[in-house]
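Colleague: The lines below spell out each chain.
Protein chains: 2
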Amino acid sequence: MKIDPVQNCPFNSDCTPNGDVVLSSRARLARNLEGFPFVHRASAPDCNEVTSLVHQICEGEENSVSLEWVELDALDVLTKEVFVERHLVSSALATATHPRAIAIGPELSRSVMVNEEDHIRIQSIRPGVQLQEVLRDVQELDFRIEEFIAYAFDDQLGFLTACPTNIGTGARFSVMLHLPALRIIKDLPKVQNACEGMSLAIRGYRGEGSKVIADLFQVSNQVTLGYSQEQLCAILANDFLPTVIAWERKARDTISEMQKDTLEDQTFRAFGILQNARKLGLDETLKWLGAIRLGICTQVIEDIELKTINKLLIEIHPYHLRWKYGKELTDEEIPAYRSKLIREKLSA
Amino acid sequence: MKIDPVQNCPFNSDCTPNGDVVLSSRARLARNLEGFPFVHRASAPDCNEVTSLVHQICEGEENSVSLEWVELDALDVLTKEVFVERHLVSSALATATHPRAIAIGPELSRSVMVNEEDHIRIQSIRPGVQLQEVLRDVQELDFRIEEFIAYAFDDQLGFLTACPTNIGTGARFSVMLHLPALRIIKDLPKVQNACEGMSLAIRGYRGEGSKVIADLFQVSNQVTLGYSQEQLCAILANDFLPTVIAWERKARDTISEMQKDTLEDQTFRAFGILQNARKLGLDETLKWLGAIRLGICTQVIEDIELKTINKLLIEIHPYHLRWKYGKELTDEEIPAYRSKLIREKLSA
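Protein chains in written order, with the working numbering: chain L, 1 to 348; chain P, 1 to 348.
It should be emphasised that the hints constitute simulated quantities derived from the structure, not laboratory data.
Watch out, some of these pointers could steer you wrong.
Identical copies carry no separate label here, and so any pair may be met within one copy or between two of them.
[As the list claims (entries may be wrong)] When the alpha-carbon atoms are kept at most 27 angstroms apart in a straight line, the in silico DSS-like pairs for lysine-lysine are as follows:
1. Lys345 <-> Lys190
2. Lys327 <-> Lys186
3. Lys260 <-> Lys279
4. Lys324 <-> Lys260
5. Lys279 <-> Lys186
6. Lys324 <-> Lys186
7. Lys279 <-> Lys345
8. Lys340 <-> Lys307
9. Lys279 <-> Lys250
Just so you know, these numbers come straight off a predicted model, no measurement behind them.
One chain only, chain L, in its complex shape:
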């Protein structure tokens, strides 16, 4: 594989507008090929035929999508798990045994998973608020792929998908939000109500069913039927985000004014622990990084760049650490290397 799998951190939002609140934007289209059973009912030969077809599009003469083709079974565990940690490959796809693949853009933002829940899952993930951009990315891929393949489509229902919640546009848009101040002033219910009102789902850092870590929240559209892709994207981009970003910023200002000493205390404690611990767990580290992130956004800490923290949110994951420090690292050794990385990055 020619691609560097640890480049271009998708959370590195510091150069994007509203990157102080929104870490990343993501779009995903679920598509299936006409005439093939859905993946969960497909035989190995069926799956093979699907990957072959998509492979031709990606690497054949007609390759206009500029993606690199990677058979997941041909991939070493380390790279595969790095992709999982970057949300390029679902852990279901990584650990499955049927024929499956991923096609990835050289900059890692665009990718196509083949034979995950659906035959094709087109995805784009970019730092900060870039919902229009990720929509454009996936639409472009979608149109090009469709030039070569017939999608399973119903005039009434739209695109047909393995899970009924994806039927219609097959589109899901999501953003990763950092809302520490709204949590501190106990105003998160307001966000939850807003989500409910707009049929958006709000989840923890690791998606469905995961707990909230580091005040990171994934917000995405719940339904795809009855709206166009543009409409679904606009709900997040135009209706939801401006409101929530304003709320979080106002909350940060409130805390800066009213609870300055507590904010400083919490920020510097997190910094002190990260700078001094010799073994750091993943969730704990995410939590302290979240606290420092708030400290940077409120000017409590001025000598650490936001992008350092944004990148660390990804780089502290076990396989990213193995990528950097040695693939043989055991689970028991990881916390020590995590603290080593953190100390290096925070003191730089």
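Here the structure of chain L is known, so what remains is to put chain P in place on it, guided by the hints.
Modeller: Leaving out everything else, chain P in the frame of chain L:
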């Protein structure tokens, strides 16, 4: 008052043998005057008469005890509470309203409380293992006072005291132990059993009924009847302490060998929090100081002196902070000044 109430930290055990495990040694004798009702049954004139008598001994022509006489009602709150934090005055005595006083040696180690639970409570407290020395201190004061005053004494029972548990010698010997390693290797039950076998009481940092903080334990004799002062002292000094000190040291060695990385992690985390927090609670700070103390004793930290931590264990108390930074400090302001003091002392 001519005495500096914050001098000579009683926990400053770093120059005493076994000071790595034993912070301080203390002896106390409970005495009552013949012909006067016990304090809880005494009238104000009774109490006044007792204080007058003791006052004469301390400041009269025959003053051979070298103590300074301090009427508690004449003392400002700040000094009074500093004495409480140094265990020179019980909080019961500080807040009582009947006539009462304290006579204190210039170096603060020796003192006589007048009209606490008993008419007279002679006390000596010294850093580290100095049980023979504190016994000598209180005996010396006891003999000198007895030259002028007749004690309530019964040939069968010995010295009579307000509380039956003190009858006999009226003596209580206690040591303050730091047992972090035995807690970590889960071997504290061994210490508890040893105490039980020797009729010793083991308590938390703040004595009876208090929770365990910072792995600090107060161990003292439970009964005083049927033993001589020397025997009671010897149980602690000869039977109990050598065993427990050896146990704790062995546990520290074990941790240093077997759990070096965890030990370093815990030590440096404590250091990181203390160095960076902007508001520190009392119990929390005691806990982190305890962790650093273990780190110093196991050579994990080498650039902080044990005496710095020993002194801080006392200096972080609210009235000591008010003594240093301003008596007007409110309870809300204390945690910020505590962290200020800590940062100053740890970075020095």
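Colleague: At most 27 angstroms between alpha carbons: which applies to Lys279 and Lys345, within, between, both or neither?
Modeller: Result: close both inside a copy and across copies, 15 angstroms intra and 26 angstroms inter.
Colleague: Cα distance capped at 27 angstroms. Does Lys327 pair with Lys186 within a copy, between copies, both, or neither?
Modeller: neither (42 angstroms within a copy, 35 angstroms between copies)
Colleague: Evaluate Lys260 and Lys279 at a C-alpha cut-off of 27 angstroms and name the case that applies: within, between, both or neither.
Modeller: This pair counts as between: shortest inter-copy Cα distance 11 angstroms, intra-copy 30 angstroms.
Colleague: With identical chains treated as interchangeable, where does the CA-CA distance between Lys279 and Lys250 reach 27 angstroms or less: within a copy, between copies, both, or neither?
Modeller: between (35 angstroms within a copy, 24 angstroms between copies)
Colleague: Is the C-alpha distance from Lys324 to Lys186 at most 27 angstroms within one copy, between copies, in both cases, or in neither?
Modeller: Answer is neither: 38 angstroms inside a copy and 37 angstroms across each miss the 27 angstroms cutoff.
Colleague: Within a copy, between copies, both or neither: which one fits Lys340 and Lys307 at a CA-CA cutoff of 27 angstroms?
Modeller: Close inside one copy (18 angstroms), not across copies (31 angstroms); limit 27 angstroms.
Colleague: Give the relationship of Lys345 and Lys190 under a CA distance limit of 27 angstroms: within one copy only, between copies only, both, or neither.
Modeller: Neither way: Lys345 and Lys190 sit 35 angstroms apart in one copy and 45 angstroms across, limit 27 angstroms.
Colleague: Reference check for the pair Lys279 and Lys186, CA-CA at most 27 angstroms: within, between, both, or neither?
Modeller: between (31 angstroms within a copy, 21 angstroms between copies)
Colleague: Please work out whether the CA atoms of Lys324 and Lys260 approach to 27 angstroms or closer within one copy, between two copies, in both situations, or in neither?
Modeller: Cα proximity of Lys324 and Lys260: across copies only (24 angstroms, versus 37 angstroms in one copy).
Going down the numbered hints, you'll see the structure goes against 1, 2 and 6, while the others check out.
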